[in-house]
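Those protein sequences? They're chains A and B, same order as listed. Residue numbering for the first sequence follows numbering that gives the first Met the number 0, starting at 0 and increasing by one per position. Residue numbering for the second sequence follows numbering that gives the first Met the number 0, starting at 0 and increasing by one per position.
Among the hints, erroneous ones may be present.
35 Å max Cα-Cα, derived DSBU-like pairs, lysine-lysine [stated by the list, open to error]:
| id | chain 1 | residue 1 | chain 2 | residue 2 |
| --- | --- | --- | --- | --- |
| 1 | A | 226 | A | 323 |
| 2 | A | 116 | B | 3 |
| 3 | A | 127 | B | 24 |
| 4 | A | 285 | A | 321 |
| 5 | B | 3 | A | 132 |
Among chain A residues calculated to face chain B with C-beta under 7 Å, some are [said to hold, decoys possible]:
| id | residue |
| --- | --- |
| 6 | 38 |
| 7 | 39 |
| 8 | 82 |
| 9 | 83 |
| 10 | 100 |
| 11 | 131 |
| 12 | 140 |
| 13 | 202 |
Residues on chain B that point at chain A, a partial pick, calculated with CB under 10 Å [to be verified]:
| id | residue |
| --- | --- |
| 14 | 12 |
| 15 | 17 |
| 16 | 21 |
| 17 | 37 |
| 18 | 42 |
| 19 | 44 |
| 20 | 46 |
| 21 | 48 |
| 22 | 58 |
| 23 | 59 |
| 24 | 65 |
| 25 | 69 |
Since the hints were made in silico from the structure, they are not lab data. All C-beta atoms, glycine included, are put in the ideal place defined by N, C-alpha and C.
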Amino acid sequence: MEKKSEDYDVVIIGGGAAGLTAGIYCARARLNTLIIEKSLLGGLATYTSEIENYPGFPDRETGPNIMKQFEKQAKRMGVKIKLTDVKTVRFGIDGHHVETFRNIFHAKSVIIATGGKPRLTKAKNEEKYLYDKGISFCATCDAAQYTDKTVMVIGSGDAAIEEGMFLTKFANKVVVSVLHNEGIMDANQIAQEEALANPKMEFKWNTLVDSFEGDGHLDKVVLKNLKTGELEEVSVDGCFLFIGYIPNTEILKGMIDLNKLGHIKTNDRMETNVSGVFAAGDVRDKELRQVATCVGDGAIAGVNAEKFISDMETFEHKILQKDKVGLIYIYSAIDAIGREILLRMQKIEEEYKDKVKLNVIDAYKGESLCRMLGDACDNKGFCKKFGQVNLPSVVYTKNGRIVEVSSNLTKDTVVNKLNSLLSTTLS
Amino acid sequence: MAEKELNCLGEACPIPLVKAQKAIKEIEVGDLLIVQIDHSCAMKNLPEWAREAKHNVETEETGEGQWEVFIEKTN
Chain A
0 MEKKSEDYDV VIIGGGAAGL TAGIYCARAR LNTLIIEKSL LGGLATYTSE
50 IENYPGFPDR ETGPNIMKQF EKQAKRMGVK IKLTDVKTVR FGIDGHHVET
100 FRNIFHAKSV IIATGGKPRL TKAKNEEKYL YDKGISFCAT CDAAQYTDKT
150 VMVIGSGDAA IEEGMFLTKF ANKVVVSVLH NEGIMDANQI AQEEALANPK
200 MEFKWNTLVD SFEGDGHLDK VVLKNLKTGE LEEVSVDGCF LFIGYIPNTE
250 ILKGMIDLNK LGHIKTNDRM ETNVSGVFAA GDVRDKELRQ VATCVGDGAI
300 AGVNAEKFIS DMETFEHKIL QKDKVGLIYI YSAIDAIGRE ILLRMQKIEE
350 EYKDKVKLNV IDAYKGESLC RMLGDACDNK GFCKKFGQVN LPSVVYTKNG
400 RIVEVSSNLT KDTVVNKLNS LLSTTLS
Chain B
0 MAEKELNCLG EACPIPLVKA QKAIKEIEVG DLLIVQIDHS CAMKNLPEWA
50 REAKHNVETE ETGEGQWEVF IEKTN
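The shape of chain A in the complex, shown without the other chains:
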């Protein structure tokens, strides 16, 4: 089957809080924007029964309901949405490619907002009971089927304790397996106090899962006491895992800078180490993973993707113009010598009216233009903002191609070089 190609300004991988927000910002900037989501729009927040700390929703709204509003807003802005998973990505100076089962999408900029997926316990037989055979990661999805039954929750963080309490509205008993000593949990204090006071919740301290058991469907979890080494069988109808998340970055390994845990490294403009590729939300190397912080990431990534695309157009059509011999002057406006040489360059352009085009880049303001120029010259240290290794510099171009990079800026050198370029152009 031939894959169908489609062109977009921005392709956003992941339709959670960060991806949808980035989509809203990009589409509002009139960019042709596509979000690719592999399951339900809304991301991890749709797994949350109540979101109490996302501003604007004072009445304990559910995760799915809040995310439905994000989705509506993105759709109203004209964001296009494909519900499928990304098989491969390819990043290149000439644009980026995102491939799914049936399509290849070409994009000027890519925003990665792939979030995370639930971590597994790696206990024995775990894989036998995934996908509705008794192990779940989503209380809002599966709580109702455990009405009047017994469930186990693994973990003691915010998600484990808060979702555990939500489960007590349905289940008769919620057994919580906690790794720590009695009374110690990772969840916020309020949740801990409420959970300890909840008569339907029972805690198994100092335990982790040794194995999952059952004939076809899970009916027993064997816990191991970390202090005594004793095994304890607990009969349950289902088990919910809330022991953290691992970033969805498998398809990006070796293509983009990741930290040790697999999260994507970015700067505070959400730029990755690859030009035109941004990351936002839970997949990013950051401290606090919340809907509120994902929204912030998404907005920043969206705005910077827009800026990148506009800079790229400036770069291709203006900086690397083809009409005349090009003289690109890169300097720092806060450097006095750099400013003096700028006047020299402007005079030279006047002398060569109609033959030479001068373009000026202030390395401080035009950092992404510098990056593009550096990529094009294959010289990554080209205009380090404050390192100023080789600022000011000039780049000579002919027919839109870079001919030479030089930091020799005397009038004679520049004039000689221009003359030689002009004579070869004429011949």
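Since the structure of chain A is already known, use the hints to place chain B on it.
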């Protein structure tokens, strides 16, 4: 390539997943199973299960809160 439609409209989790798991066994490699769902929970577990089983999956929103999950059997 044959197509099989599986209507799971109005059915909550885990029914659509269980039905799809049964239906995929009854079709040939290369055939397409189209599961119609309108419970958002099935949007989480159905595509994920099918991908874990290495099938090709793509979903279309056919209406507000209603989807068709296309599963191409690959093994």
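If you test the structure against every hint from before, which numbers come out violated?
Result: hints 1, 4, 13, 16, 17, 24 break, sorted rising.
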